[in-house]
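Protein chains in written order, with the UniProt record's numbering: chain R, 1 to 223; chain B, 1 to 223.
What the hints contain is simulated information worked out from the structure, not anything from laboratory work.
For glycine and all other residues, C-beta sits at the position ideal for the given N, C-alpha and C.
There could be a bad hint or two in this list.
[Said to hold, decoys possible] Where chain B lies over chain R, by a calculated footprint (3+ residues, C-beta under 8 Å): (1) 25 to 31; (2) 48 to 55; (3) 78 to 85.
[Claimed, not checked] Over 12 Å on every C-beta distance to chain R, these chain B residues come out as not near it, computed from the model: (4) Arg83; (5) Asp176; (6) Pro177; (7) Lys193.
[Claimed, not checked] Pairwise CB distance ranges (calculated): (8) Arg25(B) - Asp75(R): 49 to 57 Å; (9) Gln77(R) - Arg35(B): 25 to 33 Å; (10) Gly80(B) - Arg25(R): 42 to 50 Å; (11) Arg182(R) - Leu64(B): 31 to 39 Å; (12) Glu126(B) - Arg182(R): 43 to 51 Å; (13) Ala69(B) - Arg15(R): 35 to 43 Å.
2 protein chains.
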Amino acid sequence: MPKPRETKGERTRQRIRAAALHSFRENGYDATTIRAIADELGLSVGVTNYHFASKNHLVQELYLDVQEAHRAAADPQLAGETRLIERLRIVYSAGLDQLEPYHAHAGEFLSAAVSPRSPLNPLSAESAPAMAITLGLFTEAVEGAAASGVPDDIRRLLPRALVVSYLLLALFWVYDPSDDRRRTRRLLDRGLKLLGGVLPLARLPLLRGTLRDLLSLVDEVRT
Amino acid sequence: MPKPRETKGERTRQRIRAAALHSFRENGYDATTIRAIADELGLSVGVTNYHFASKNHLVQELYLDVQEAHRAAADPQLAGETRLIERLRIVYSAGLDQLEPYHAHAGEFLSAAVSPRSPLNPLSAESAPAMAITLGLFTEAVEGAAASGVPDDIRRLLPRALVVSYLLLALFWVYDPSDDRRRTRRLLDRGLKLLGGVLPLARLPLLRGTLRDLLSLVDEVRT
């Protein structure tokens, strides 16, 4: 028995969505058009526009798809790890794994998304549902860690700062021409080592205020 | 007596350059075209192309113009200031002042420049002469400071890390919708306060290694 919500309209919507995700991965942002998808599926542009008003709406489906895959890849690994830095490594690495198939076309997506008024900008209202998944993953990684010795005020500020660092790492990844993105992985590795060295210092009164200032500074960037 | 190098060709080149800089500021990146400049000056597209092979070449003139103005604004102020943090404030602030007239169109420039293969990317070979001015200013700000107590190894790593932070601040500035870019100025102010708090700690052996790691991490980004 088909699920009750799977009407003909819903099936058409899913076909358009699947064709768009495939085209974004294989052909990139620039070459993926509503018209090409309609042609491929034997639909009119009117029908595709009824389901997705613009290409931007299809990119939001892509963002959600990538972030849901990110969560699905990270969650089982998080279940078996209690150390904070290793939990963070899982979330960052699983995210990079999900991005990898899009690397050849990443510059096109970046150009389209980077403009402040672009609905594809990760900080836009339109992208909020996908970004909420990312924030949820980093929050889970921090909250689920065993006694890390990190003071509560620092701990509360961490997830948002980690999301900003993840966006900057993704920016670096776009520019990384090395095989298997070795340089991005190395940057991540060094950043985590540094964080592992700095966080325990947060217990020193002298540094706690400074670290809190740094994390709130990052929070400033987000708003 | 006219300067010997100011031939008719050179005068034409300067007219094209001036018209392009004016158009970038008033009309933005997208609306500035070689054809429109040629029309405005009563030149053929062949003549403009002889002097500047593409719009990208004109943007490089803009980068150089902005960075030379940055240097001209910062240098006299640096002459009267010996404190490291205040010298850095001068360089960052003078840079933001120079960027300000382009804020309305900054998103267009960012979209055009952000792609990894774009010659307009600040890290591209084409943009190296303009970026060298920026690096020179931060080097001068660091080297010319009175006894800052910052260890030599940290001091040597600082200028490149400051350039990366300046690019990130400029990225934040593009997104800043506040009046007079108040939020960017506040972020700069808080960042400088933080740096002023962290740098003296570089003398503590425990932190010196960590700080050096952080600065080399930023250096990794640049290469």
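Structure-based check of all given hints:
no. : hint                              : in the structure
1   : 25 to 31                          : violated (count 0)
2   : 48 to 55                          : violated (count 0)
3   : 78 to 85                          : violated (count 0)
4   : Arg83                             : holds, 19 Å
5   : Asp176                            : violated, 9 Å
6   : Pro177                            : violated, 8 Å
7   : Lys193                            : violated, 7 Å
8   : Arg25(B) - Asp75(R): 49 to 57 Å   : holds, 50 Å
9   : Gln77(R) - Arg35(B): 25 to 33 Å   : violated, 55 Å
10  : Gly80(B) - Arg25(R): 42 to 50 Å   : violated, 57 Å
11  : Arg182(R) - Leu64(B): 31 to 39 Å  : holds, 34 Å
12  : Glu126(B) - Arg182(R): 43 to 51 Å : violated, 26 Å
13  : Ala69(B) - Arg15(R): 35 to 43 Å   : violated, 55 Å
Of the numbered hints listed earlier, those contradicted by the structure are 1, 2, 3, 5, 6, 7, 9, 10, 12, 13.
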